[in-house]
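Protein chains: 2
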Amino acid sequence: MADPSTCSPLTRASVVAAHAAIAPHIHRTPIATSTTLSTFASTPQTREQLEGTEDDAAGAQPAAPHMRLFFKCENQQRVGAFKARGAFHALSRLSDEQLARGVVTHSSGNHAAALSLAARTRGVPAYIVMPSISTPSKIAATRGYGATIRFSGSTAPEREAVVRDVVAETGAVLVPPYDHPDIILGQGTLALEFEAQVADAVAAAPALSVRDAAKGLDAVIAPCGGGGMLSGVATALAGTGIRVFGAEPSFEGADDARRGLKQGRRIEAVKSLTIADGVRTPVGEIPWTVISDKTKVQDVFAVSEDEIKKALRLLMERMKVFVEPTAALGLAVALYNEEFRRLVEREAGEEGWNVGIVLSGGNTTMEAIGKLYAAPQTEAARAEGVVGINGERKAENVAG
Amino acid sequence: MADPSTCSPLTRASVVAAHAAIAPHIHRTPIATSTTLSTFASTPQTREQLEGTEDDAAGAQPAAPHMRLFFKCENQQRVGAFKARGAFHALSRLSDEQLARGVVTHSSGNHAAALSLAARTRGVPAYIVMPSISTPSKIAATRGYGATIRFSGSTAPEREAVVRDVVAETGAVLVPPYDHPDIILGQGTLALEFEAQVADAVAAAPALSVRDAAKGLDAVIAPCGGGGMLSGVATALAGTGIRVFGAEPSFEGADDARRGLKQGRRIEAVKSLTIADGVRTPVGEIPWTVISDKTKVQDVFAVSEDEIKKALRLLMERMKVFVEPTAALGLAVALYNEEFRRLVEREAGEEGWNVGIVLSGGNTTMEAIGKLYAAPQTEAARAEGVVGINGERKAENVAG
Numbered sequence: 001m002a003d004p005s006t007c008s009p010l011t012r013a014s015v016v017a018a019h020a021a022i023a024p025h026i027h028r029t030p031i032a033t034s035t036t037l038s039t040f041a042s043t044p045q046t047r048e049q050l051e052g053t054e055d056d057a058a059g060a061q062p063a064a065p066h067m068r069l070f071f072k073c074e075n076q077q078r079v080g081a082f083k084a085r086g087a088f089h090a091l092s093r094l095s096d097e098q099l100a101r102g103v104v105t106h107s108s109g110n111h112a113a114a115l116s117l118a119a120r121t122r123g124v125p126a127y128i129v130m131p132s133i134s135t136p137s138k139i140a141a142t143r144g145y146g147a148t149i150r151f152s153g154s155t156a157p158e159r160e161a162v163v164r165d166v167v168a169e170t171g172a173v174l175v176p177p178y179d180h181p182d183i184i185l186g187q188g189t190l191a192l193e194f195e196a197q198v199a200d201a202v203a204a205a206p207a208l209s210v211r212d213a214a215k216g217l218d219a220v221i222a223p224c225g226g227g228g229m230l231s232g233v234a235t236a237l238a239g240t241g242i243r244v245f246g247a248e249p250s251f252e253g254a255d256d257a258r259r260g261l262k263q264g265r266r267i268e269a270v271k272s273l274t275i276a277d278g279v280r281t282p283v284g285e286i287p288w289t290v291i292s293d294k295t296k297v298q299d300v301f302a303v304s305e306d307e308i309k310k311a312l313r314l315l316m317e318r319m320k321v322f323v324e325p326t327a328a329l330g331l332a333v334a335l336y337n338e339e340f341r342r343l344v345e346r347e348a349g350e351e352g353w354n355v356g357i358v359l360s361g362g363n364t365t366m367e368a369i370g371k372l373y374a375a376p377q378t379e380a381a382r383a384e385g386v387v388g389i390n391g392e393r394k395a396e397n398v399a400g
Numbered sequence: 001m002a003d004p005s006t007c008s009p010l011t012r013a014s015v016v017a018a019h020a021a022i023a024p025h026i027h028r029t030p031i032a033t034s035t036t037l038s039t040f041a042s043t044p045q046t047r048e049q050l051e052g053t054e055d056d057a058a059g060a061q062p063a064a065p066h067m068r069l070f071f072k073c074e075n076q077q078r079v080g081a082f083k084a085r086g087a088f089h090a091l092s093r094l095s096d097e098q099l100a101r102g103v104v105t106h107s108s109g110n111h112a113a114a115l116s117l118a119a120r121t122r123g124v125p126a127y128i129v130m131p132s133i134s135t136p137s138k139i140a141a142t143r144g145y146g147a148t149i150r151f152s153g154s155t156a157p158e159r160e161a162v163v164r165d166v167v168a169e170t171g172a173v174l175v176p177p178y179d180h181p182d183i184i185l186g187q188g189t190l191a192l193e194f195e196a197q198v199a200d201a202v203a204a205a206p207a208l209s210v211r212d213a214a215k216g217l218d219a220v221i222a223p224c225g226g227g228g229m230l231s232g233v234a235t236a237l238a239g240t241g242i243r244v245f246g247a248e249p250s251f252e253g254a255d256d257a258r259r260g261l262k263q264g265r266r267i268e269a270v271k272s273l274t275i276a277d278g279v280r281t282p283v284g285e286i287p288w289t290v291i292s293d294k295t296k297v298q299d300v301f302a303v304s305e306d307e308i309k310k311a312l313r314l315l316m317e318r319m320k321v322f323v324e325p326t327a328a329l330g331l332a333v334a335l336y337n338e339e340f341r342r343l344v345e346r347e348a349g350e351e352g353w354n355v356g357i358v359l360s361g362g363n364t365t366m367e368a369i370g371k372l373y374a375a376p377q378t379e380a381a382r383a384e385g386v387v388g389i390n391g392e393r394k395a396e397n398v399a400g
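Protein sequences appear in the order of chains A and B.
For the first sequence, UniProt numbering gives the first residue as 1, with consecutive numbering after it.
For the second sequence, UniProt numbering gives the first residue as 1, with consecutive numbering after it.
A hint or two may mislead.
Because identical chains share one entry, a pair is satisfied inside a single copy or across any pair of copies.
Said to hold, decoys possible - Capping the alpha-carbon separation at 25 Å, the derived lysine to any residue pairs in SDA-like fashion look like this:
no.	residue 1	residue 2
1	K310	G171
2	K371	R280
3	K310	M366
4	K138	F40
5	K309	T170
6	K138	T33
7	K310	I139
8	K296	G171
9	K371	T170
10	K262	K371
11	K296	A21
Simulated from the structure, these hints should not be mistaken for laboratory data.
All values reported here derive from a predicted model rather than from experimental measurement.
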């Protein structure tokens, strides 16, 4: 791709230009609201919910914020995730000569599908380097978009080595999943739509807001993995007065952005198997320049695996939207993160905030949901090995 | 409720009146489309898909119909299912004196929640008789709407006995789940919206149809259990030229409407544990008067449990809508029922049909999905009893 130093600057104007470039290729995904979830968000957590948290230990009064929630349904985006935006934008910035050689990336999921779709749309080859342990549904989806898949080991060096081989063989251009201005600007386009759609919704139904109807969103919460989307959203909304927050899992140190902000330095490596598999990577260098800028991203909050699961259940069972675990991060922060909730109570007061939550994607499977919510006893039974009535060990059940 | 013989007649005009009565209380649910699923529906089935079917045995050429699919998202309706329509309409037809005494029903699910919501909205008591084996989520949802729950045994006579007790004690009015004209007219309101919404969508995007843009829907497929919704849809669309088809599971004889049409007489009892738990009941007497009228319901088709599961997976994983298994019946017919597909090929020709599919509801749970798609080996292990390493029988695992 273009040397980042010669790319468009990370400004709202660049996001507007990116949106114009990709609009013919992407869906303007709908926004959704839920009275039930807004009520939950505006109800103080119970002692039971706070159990085991720092707030519980401190015996603090639970926060009592007022929030009206709006959801940007990027699970309905092409390829089932916001990644289509960045991929189409990246390709729109390549020369014909570059395009002809094709594009390559290392990715285990949504970015791979997105780049494949964008390449096919432009009629150029896409080479996708995926760990051979990727889920079959993701491999099938990527192949379905007509890409050539090259398998690699799971570690970053192993994947990068295969990418280098592909570049050497074909001259394909590397399109990274998040650490590039063109990708960041592309992902940021969702925020332009979100801002306008909520303003329209509030204007059409003044009951949605107690304040100036034209105001729309007060804040947006976006998941943060490599940080391409969060930094894009923050770039798009810079100067609008709409606050931008990041959401991360706390599991096994996946809250690298939050920790990096505390220590004033980007954390370069993360090794977490959080269920929010879209955000297992550390923030990239270029996204970090935006995320570490307090005028653009106000703060980043972390939530537990259990909180992600509870939020995911509410999105599916109550809101009836089919989303992947990563998409539940924002709602989990709004419902369960006391630090965020106290901030809203303090800053928004009785008037409350219109909080926008990015539902980043919907690429999961029935089987993955089944595993996520399987009864713990069953898991334990599997872990210790399931044995048949006659005492014979049943390997196939252990694996199942 | 009112004696059925004094109710509004089962005509489109009555459905229009019902819609006006309930419009302030219900959602005008969105319609959804999916290029992928329309393409699947318009692609002949493979030999593998036909394996084990009558068509496979006959060595027939797979049907090659052309369909553009439109989905009516009643999973987004209040209480998560179309049942809110019938319940609000039934209450709108009661006198103040009747209302004051409250309403009662026997139901294990969506109708119970719907009646409870409608009663709460009118500020009157609702008594819900539920089998004590109902799923906890459905009990909790019903209780959440402020109803008084009375538990009963699972058989119809046991439930009806408890209903009689409630009526004797309180004077509450029985609102049955489907076998009443007011319920039928209420459920039919979804078809009026569907017809108008698809006509609007086709007019706005002529590519959705190769024909006269104003025409909109050519056919609707609706699930059929007690038949309240199917007969309501057929009543609403009578005389419009839009064909109406029913969809049933074939498992354990749940295709009672289809079989009844063949033998020319309503089947009065069904005992099926199909995964499409919203349609385990036989068609009621009053719905049957509509469903057995060929000018109103053209035909009813049945699908296997496996076909329902495949369609459900596509709705969730590809379309990203969260629905219950019953809601997948219509898509299963469109994708997998060769009899229906041959009919479309024959009648619609190259031009194809705009086929409307009613997504009836979205009330299921993560755990239910997990069980539905659990590996068969695991199921087998559970059925035969799971035994620990030391040979001790583990009751909690068998139950889990």
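Hints and how they fare:
no.	hint	result
1	K310 to G171	neither (46 Å within a copy, 41 Å between copies)
2	K371 to R280	within (19 Å within a copy, 28 Å between copies)
3	K310 to M366	both (17 Å within a copy, 11 Å between copies)
4	K138 to F40	between (34 Å within a copy, 19 Å between copies)
5	K309 to T170	neither (43 Å within a copy, 42 Å between copies)
6	K138 to T33	between (29 Å within a copy, 23 Å between copies)
7	K310 to I139	between (28 Å within a copy, 19 Å between copies)
8	K296 to G171	neither (37 Å within a copy, 63 Å between copies)
9	K371 to T170	neither (40 Å within a copy, 46 Å between copies)
10	K262 to K371	neither (34 Å within a copy, 43 Å between copies)
11	K296 to A21	within (24 Å within a copy, 49 Å between copies)
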